[in-house]
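J.: Here's the letter readout for the chains.
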Amino acid sequence: MSQITKLREHDVICALSTPAGVSGIAVVRVSGPGSWELARTITKWGEQEIVPRQTYLRWFYDLEDGEPFDQGLIVFYQDKSSYTGQESVEFFPHGSPVIVERLLFQLCQKGARIAEPGEFTFRAFLNGRLDLVQAEGVLHVIESQSVEQAKQGLRHLRGVYSQKLSMLEQQLVRVLAHMEADIDFALENLTTASQEQLREWMTSVAVQLDEMLQGAQKGRILKEGVHVLLMGPPNSGNSTLLNNILGEEKAIVSPIAGTTRDVIEGSILIEGVRFYFYDTAGIRQNSSDEIEGVGIKKALDLTRRVDLIFLILNPHVDIHFSEFHFLTDLNVPVITLFTHRDLGERRVSTPEYSLSTHWISNLKSDEAKALVVGLLKEQFLTRCPRDLSLMVHVHQEAALQKAREHLKVAVGLMDQHVGTEIISLEVREALYCIQKVLGKHFDDDILDQIFSEFCIGK
Amino acid sequence: MMGQDHFDIIVVGGGHAGIEAVAAADRLGKRVALVTPDISRIGVMSCNPAIGGLAKGHMVREIDVLGGVMGLAADACCIQFKRLNASKGPAVRGTRMQEDKDLYARFMLNYLRALPNVTLIQGEVKAVILEGTRCVGVVLHDGAQIRSRAVVLTTGTFMNAIMYTGLKGEEGGRAGEKATKGLSDQLRSLGFDVRRLKTGTPARLDRNSIRWEILEPQKGDDRFYPFSFRSPKQVQLPQVLCYISRTTPETHDIIRKNLHLSPMFQGIIEGVGPRYCPSIEDKVTRFSDRDSHLTFLEPEGLNTNSIYLQGISTSLPAEIQDQFLRTIPGLENVNVLRYGYAVEYDFIVPTQIFHSLETRYIKNLFLAGQINGTSGYEEAAAQGILAGINAVRAIENKPPFILTRDQAYMAVLVDDLVTKGTNEPYRMLTSRAEHRLVLREDNTLDRLGEISIKEGLVSADLMELILSHRQKRERLLMELGTHKLTPKQWVQEMLVAKGSTPLLKAVTYEEILRRPEISWQDLYDLGWNEGLYEPDIAEAVEIEVKYSGYIRRQNELIAQMKRYEEMLLPENLDYSLVRGLSKEEVEKLSTVRPRTLAQASRISGVNPSAIQCLMVYLKMLGKRNYEGSREQCI
Ligand SMILES: Cc1cc2nc3c(=O)[nH]c(=O)nc-3n(C[C@H](O)[C@H](O)[C@H](O)COP(=O)(O)OP(=O)(O)OC[C@H]3O[C@@H](n4cnc5c(N)ncnc54)[C@H](O)[C@@H]3O)c2cc1C
Ligand SMILES: Nc1nc2c(ncn2[C@@H]2O[C@H](COP(=O)(O)OP(=O)(O)OP(=O)(O)O)[C@@H](O)[C@H]2O)c(=O)[nH]1
Ligand SMILES: [Mg+2]
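Protein chains in written order, with our numbering: chain A, 1 to 458; chain B, 1 to 634.
Please keep in mind that the hints were generated in silico from the structure rather than gathered at the bench. Treat the hints with care, as some may be off.
What the hints assert, rightly or not - Partner residues are not named here, just some residues of chain B that face chain A (Cβ under 10 Å, in silico):
| # | residue |
| --- | --- |
| 1 | Val92 |
| 2 | Ser468 |
| 3 | Lys472 |
Stated by the list, open to error - With beta-carbon atoms standing in for the labels, derived distance ranges:
| # | chain 1 | residue 1 | chain 2 | residue 2 | range |
| --- | --- | --- | --- | --- | --- |
| 4 | B | Glu584 | A | Lys110 | 54 to 60 Å |
| 5 | A | Lys110 | B | Arg134 | 56 to 62 Å |
| 6 | B | Glu270 | A | Met167 | 34 to 40 Å |
As the list claims (entries may be wrong) - In silico lysine-lysine, BS3-like type, Cα no more than 27 Å apart, as pairs:
| # | chain 1 | residue 1 | chain 2 | residue 2 |
| --- | --- | --- | --- | --- |
| 7 | B | Lys88 | A | Lys408 |
| 8 | A | Lys369 | A | Lys110 |
| 9 | A | Lys436 | B | Lys562 |
| 10 | A | Lys402 | B | Lys498 |
| 11 | B | Lys88 | A | Lys436 |
| 12 | B | Lys498 | B | Lys484 |
| 13 | B | Lys619 | A | Lys80 |
| 14 | B | Lys498 | A | Lys436 |
| 15 | A | Lys80 | B | Lys454 |
| 16 | B | Lys588 | A | Lys436 |
| 17 | A | Lys250 | A | Lys369 |
| 18 | A | Lys408 | B | Lys178 |
| 19 | B | Lys420 | B | Lys583 |
Here the structure is a predicted model, which means the values were calculated and not measured. Note that beta-carbon positions come from the ideal geometry of N, C-alpha and C, so glycine has one too.
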């Protein structure tokens, strides 16, 4: 199959058209016949009639779990009035990479693909929306972006990710070599792999693809959310902070040390990602209370299962740092918050396992909440890949998912005893998907493999 | 005949490519001369005694629909018929016929002799005559000049050829025939990139020295389907058996011990050999874990004692061949009629020709067959017919006749050659065709019939046949869609017996046929009795029913590609002026000089962004003549 299929003008393409990275509002552009329908699906639009060029405020949904992940403006354009000269839609989600990525991912899931560099402008040009002078500009865009993309490609190719993918590619090439040899060298009585063997090879690749798709860190955060533990000595203010973050009185707050016993849990959405918070019993070694002891144990158990720990300390009481020393060996980032600053400054040493340390006047204040949210964003949302790599990422995930789908179909066909010439089409498509991610083009790999593996000849 | 005779076209070489080129030009009414060193050797099969096979059989039918000779000859001289992959999907079945080699060559000679516009000239061509950058004739070995308006070179394995049986090579293009010299040197001096390739052939054995009684026989198929739509539907010669034997560990031992006597292993032959036709030396070293390789004993004809030993091609010295052959069961006392040999020859790197097979540097000079780096009779014939047609078009000042990759295997062949070149003798395989499901033997008439009529290659009467086939298919499809099978007891039992599932309600026969495990033949057992259909009609319909979804998908893809196939790139385009191309891309594009945007996209190392840049560049040039040029690509 030729690369040119990538240039198909009737594909729905999508891309972030504002500079990637964190910004207030991002613009995601979608173009091609079917864009409107796609946008309707993602926004669960309903029956309402669409008026072109009008601005609507809508929720954007993750169609897998049916939950909204962001709310933003959306505008529809008809052929005549759009930038590309094709049916188009513009989404204005919040400008976090995670939300943008999620939106692009949803679009790709529903049949769009990530635009090639300069493709929007290119379509605009083809549809007569730009004149020849502007066309020069198009070339500039393609030129510069190709360079950028080539660099990106290299970076990605070096990763472990691509090593693994190359392995899968090889496995599929082998499957195809056996299938094709069986067809093309019918006379030679080759001992090609049995149907069972082929089935096993294909299934194994599908399973590995599954693992890769699930294993992606980003994927996990989107699916499972981020888990944050609030812990500290008794009476340091855990529950106060939890209530402030959640905006409701979920935990009992009292001046009595050891109020919280069981784990108290609540969650909020930050930029489309769900964050779970756990308030726990204050940690003290010499607790004589049996129930409190159980609570402490639960808190300690949780330390191993969360993504981040806030260690909350009141500098105005004596802190027994030794009680938190176990955090040193833990593989979870810890951020220390000193509270009760409103009661006056007090110098305390900060534990060295702490990623950073912050002082908070009043745990009930808006500033306190803003600080915590800011820290979480920095830690989990803005560290995502920047710029084009972001798109490459979505691109890849969608392509790998397609690869897996094709393999599933292939195995299904095999079970129905459909001919190899048909099954091989599906396997080929799966291979193309993987090779696309690797930035490789399909060439004579399969033939090479046939000749190296089989003894063919007169 | 000093300078007197003036022909329209001269074809050099009476091999499989040459024959089709001559016959095509004759059909189009041109005066053609065929020059070849030995007229009695026209149409000789240099190697195995068979025509067809996977993808090759497909091409024979394509050649036939374009009015070619190969299918007629193969049908007439067939001594064993086989449908390959009969147990596989109907889309990848291929016809293979074993031939009586002598009769085949005689058929060809008689055929050419009967053509009205053809003159056969015995002689070796030493050089082509140029006027500026145009080819206007040839010079023979005796200095005689023959003039023409176009020349087609189909010199096969003969140019500067050296044959090897053991370490000592001797000049020769084929057993008993001399190499030809001068032509490729001239082409090199004109700036052509000329390189070496090699191929080999096994020993021929004396029928009377083989212990047939201990060998396992192999029969052909009972049902015969001719290649040609013009041939009788029955075989015309008695059918023969082939036999199977295997090499033994002793065979391999002998070969291994004597590798130092094989010219290949001593690096004496530098030409690259085909990977799908490795010599037995190759097999034994590359697949050292196997202690046995299969071999087929195939008669080379009805009236000859010569037996072809398929699978054991070699260039070891004669006495070693004697030794190892006798370790193969059945060959204990074998008497060799002709020892196996390898041949190394000059070929022209095919990225130097256009899709029309005309050379890039010299006008009205065409190359076809093994000279372009291919291997095989069918590959040669396919190019020959295209070169013949295009030579005619060139002298008529018409745009070239070019088929697209979704129309024919021949087009895949030519496009691969001119786009990618080749490092080894190129053989056609079904896996080389991305549109394999639509390039089938059964639909060849449908694919190429009308084009062929329009081109004047076959008589317009063929249209009746095309239409009647089409009607029959449509009628059969309709009947399958209306007649129903009801869930009676015996039906259910029959379905289960065939590995299928019982019916829940009455369904049409079409739906039954859609089941992968049910074949057309099974329908008869299930009570189908709506008249008899020719096998190719039934097969075409079966394919249509079974694979409709996939065929639709391929057709969609083809339609998408079509636009780019129709966007022509100017021949003299200076790629260094195109903004946005990388240096490597400029280099590749400048070498291959793709004809269309689609072809450009098939060059490895040319990225999609480069294609965009080219499109923009084309538009900027104000090239609006795509429509005008569309006719060229039929
Ligand atoms: C030893 C050997 C092994 C082979 N093995 C295989 C194989 O395993 N599989 C396979 O598919 N194919 C094989 N072939 C190749 C097959 O024979 C060719 O591919 C096919 O015949 C090519 O057809 P052609 O028309 O291009 O050339 P050829 O059939 O070779 O015909 C060339 C003709 O041109 C004539 N000629 C050459 N030079 C001149 C000149 N200067 N002037 C006039 N006439 C000239 C020759 O005399 C000859 O008649 C083999 C060939 C040989 C010789
Ligand atoms: N002045 C001041 N008081 C605070 C602050 N944060 C919490 N407090 C008070 O400190 C006391 C303990 O607060 P909690 O939130 O119940 O503390 P905790 O860590 O949950 O305590 P336990 O559940 O008992 O372990 C309450 O009386 C709060 O009102 C702060 O920033 N400044
Ligand atoms: Mg508490």
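J.: Hint by hint, say whether it matches the structure.
T.: Verification of the supplied hints:
no.: 1; hint: Val92; in the structure: 5 Å, holds
no.: 2; hint: Ser468; in the structure: 28 Å, violated
no.: 3; hint: Lys472; in the structure: 24 Å, violated
no.: 4; hint: B:Glu584 / A:Lys110: 54 to 60 Å; in the structure: 37 Å, violated
no.: 5; hint: A:Lys110 / B:Arg134: 56 to 62 Å; in the structure: 59 Å, holds
no.: 6; hint: B:Glu270 / A:Met167: 34 to 40 Å; in the structure: 36 Å, holds
no.: 7; hint: B:Lys88 / A:Lys408; in the structure: 22 Å, holds
no.: 8; hint: A:Lys369 / A:Lys110; in the structure: 37 Å, violated
no.: 9; hint: A:Lys436 / B:Lys562; in the structure: 22 Å, holds
no.: 10; hint: A:Lys402 / B:Lys498; in the structure: 34 Å, violated
no.: 11; hint: B:Lys88 / A:Lys436; in the structure: 31 Å, violated
no.: 12; hint: B:Lys498 / B:Lys484; in the structure: 18 Å, holds
no.: 13; hint: B:Lys619 / A:Lys80; in the structure: 21 Å, holds
no.: 14; hint: B:Lys498 / A:Lys436; in the structure: 42 Å, violated
no.: 15; hint: A:Lys80 / B:Lys454; in the structure: 42 Å, violated
no.: 16; hint: B:Lys588 / A:Lys436; in the structure: 21 Å, holds
no.: 17; hint: A:Lys250 / A:Lys369; in the structure: 15 Å, holds
no.: 18; hint: A:Lys408 / B:Lys178; in the structure: 58 Å, violated
no.: 19; hint: B:Lys420 / B:Lys583; in the structure: 18 Å, holds
Hints 2, 3, 4, 8, 10, 11, 14, 15 and 18 from the earlier list are contradicted by this structure; the remaining hints agree with it.
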